[in-house]
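Trainee: Construct the complete structure from the given sequences, taking the supplied hints into account.
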Amino acid sequence: MPKTTAFNPKRESQTAPPKIYRLLPWAICAALALLVFAAFGQALSYGFLNWDDVIYIRDYPEVKAGISLEGFFWAWTHPHYSNWHPLTTLSLMLDTTLFGERGGAFHAHNLALHAAAAFLLFLALHKLTGSLGRSAFAAALFSVHPLRVESVVWITERKDVFSGFFCMATLLAYAHYAAKPSPRRYWLTAGLFVCGLLSKSILVTLPLLLLLLDFWPLSRFCSAPAPPWALPHTQTPKSAKPGWLLLREKLPLLALSLASGVATLLSADLHRPMAPPPFWERLAYIPVWCITYLRQFFVPLDLAAHYPYAQYGPLPSVALGSLLLCVAVSLACFFSRKRLPVLAFAWAWFLVALLPVIGFIPPGIQIIADRYTYISQIGLAIAAAWVGHTFFSRLASRWPAYAVATLVLAALLTLSFFQTTHWKNDEALWRHTVQVTRENDFANGQLGDSLAVQNRFSEAEPFYREALRLNPSLAGVLHNLALVERQKGNPAEAESLLRRATQISPWFTSAQLDLVSVLTVQKKYQEAIDLLTPILQREPHNTDALLQSAVILSENLPSPENLALALQRVQQALTLRPEWPEAHFISGNVLLLSNSPDEAMKAYDTALQKNPRLAPAAHNLGTLLARANRFPEASAAYQKAIAANPDSVEAYDSLADIYVRQKMPAAAISVWKQSLQRKPNEIRVLYKLAWILSTHPEASVRNGKEAEHFAQQAISIAKGSEPLLFDALAAAYAEQERFPEAVESQQKALATLSNKANPLHGALSARLSNYQAKLPFRSEP
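Under the numbering used here, think of the first position of the sequence shown as 1, with each following residue one higher.
Listed next, with one range per pair, are the computed distances between beta-carbon atoms:
| # | residue 1 | residue 2 | range |
| --- | --- | --- | --- |
| 1 | ALA396 | ALA268 | 52 to 60 Å |
| 2 | ALA396 | PHE279 | 53 to 61 Å |
| 3 | TRP280 | PRO242 | 34 to 42 Å |
Computed cross-link-like contacts, EDC-like style, restricted to lysine to aspartate or glutamate with a CA-CA straight-line distance of at most 16 Å:
| # | residue 1 | residue 2 |
| --- | --- | --- |
| 4 | LYS679 | GLU650 |
| 5 | LYS64 | GLU101 |
| 6 | LYS424 | ASP52 |
| 7 | LYS610 | GLU582 |
| 8 | LYS719 | GLU682 |
By construction, these hints were calculated from the structure, which means they are not laboratory data.
Model, not experiment: these values are computed from the prediction.
Cβ atoms here follow ideal geometry from the backbone N, Cα and C, with glycine treated the same way.
Mentor: Right under this line is the structure:
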């Protein structure tokens, strides 16, 4: 029977050709890059998600402005959407400057950072342990695991891959420091650690993780065993130190962690869209989430963008069972620390790295998330590689180990590829999340949002209602369902939903402003103003509130005092946002109502300079110019309004009226006909065409047959209820010398009027006499 020989990586490296062996690490880095691209590369064709990517990056004013000296200082001195991570913010600004709003470029940056993090992790493990194969497998396991999808493919999680890059760089620098300690190497490690903290504060526990590296594989503790794969310098007793000295060595790094933690807490927004569970309930969830993360590492199925949780905590049996399982794993790792120290190291790394996100500090909308595993599961990947090696080293051949490693990586890569497809857009992401989780209130609400932004309101409504069935306290869902009700024409129902939303979240300003709009639609003007008053007291620089207040005060409650206050508020809004075209337009409206037409024209003109497609401003400017008999300028303004909004019947009608006043009937008729091409059932336009074609003094303009067609069409739409339409039809018949029909139609006009006191009665009767005398009617020239 042949003698079994254990696989020795050191012996393998000695037999390998030296030049190839030196190039092998770089070949492994290239292979890691290919694995990362194969797993996540399809994200290069994806755009921004409405889930945070839009508000956090694409439409965030400072990020949207791109990189600049002002933006550089802003990133260091202001939180970015309740997070202070200046390096991440600057990287997003740089992407905006270089690539604009091309989401694929942002995704490429994320992929590059993740690939670089995988390289550095491999190089760090190789330096720390001396093992090439196991380090490569652990890095590959980390890089293509499906739990990485959220961090890599979600642009908003740039902070994960950026901090991960600096984390791995810190590990590599620390490996060099431990091999040959020196102040320069220590401060390089500290500098890279600071960069990681400035990318995401989740790295606050990294000094403790470095302390774990001192236990294994570096064996820098005096009492720590030196494993057979340890580097030569770690096997030398002179390199070992008492634990208190190693802890003291980490004190400057711990001080940096403390400073980062304080900065993070100061930048956090206390007004959260979903309140986290209370403290004790969060504590009860800790063992549950630890076991969940452990399970997901070994069985990464049914991964989701959001995992539901209960405010009252987990079931006691689930919490107790998870706690007992955590204790059992901890004891097993502790008692095997001498035989398999990597297990104790990996479990401790896993728990320590999770500390910032496990629930001690109130989280955002999630208390468990795939992205929280980016650093924590490095320890598990290392354990899998080293324990697997221990098992397979008993075999005579290396091929079973290679085959199993290949199958594992292939399976993980496949799962990551398909998990990435769910992140291609919001609807796909949340449909998948709803499918793989149960009673997920947040995911149902987000799926409703993804449908609502596509104007698929009827499809969105059931998901909103399901979210509220599961959790009636979701202020954001109440707000969005109210918008659906407004679209359906139910302002009273929308008001009820918005009132519930604002009661649950009194700070929810956007819901309060929408409630103001709903109250305005229902003509509850004083209630709307009463609601705006505390908003402006709380947020005096809220330009939307200022403008809404100005509109209601000037248009709906137009007393002299209110007009003055409206003008003051719109001017305040313009001081805060001088480039806001809509504010200049509202300013023009207030000035017009305040009997300042010249200043109103200037305001409308300014609005159009800032946004030439602001159709209402162009229309109102045209109206003022027409009142001043500045017809060519008025025509130009109305043409701008039509160009900005080709469906605006009012703009066509106003332009045609200008042509009529300029004695250009053919031009007026042409404009009215263009209007009918957009909206063929517009009664007012049909009437005016019928009238001018029947009654204009110039024979070249009149066309009785065409006038009859327009009048008949208008009567059909109005279902015979408008006397003027019969009047126009009578004029069309008279133009064609069909006087009996003209008389009959005019009598219908008088019968429809049914009120002899109406001022129209005399005019209609006079025209009836004309037709009875077989005379057509001609309007004034």
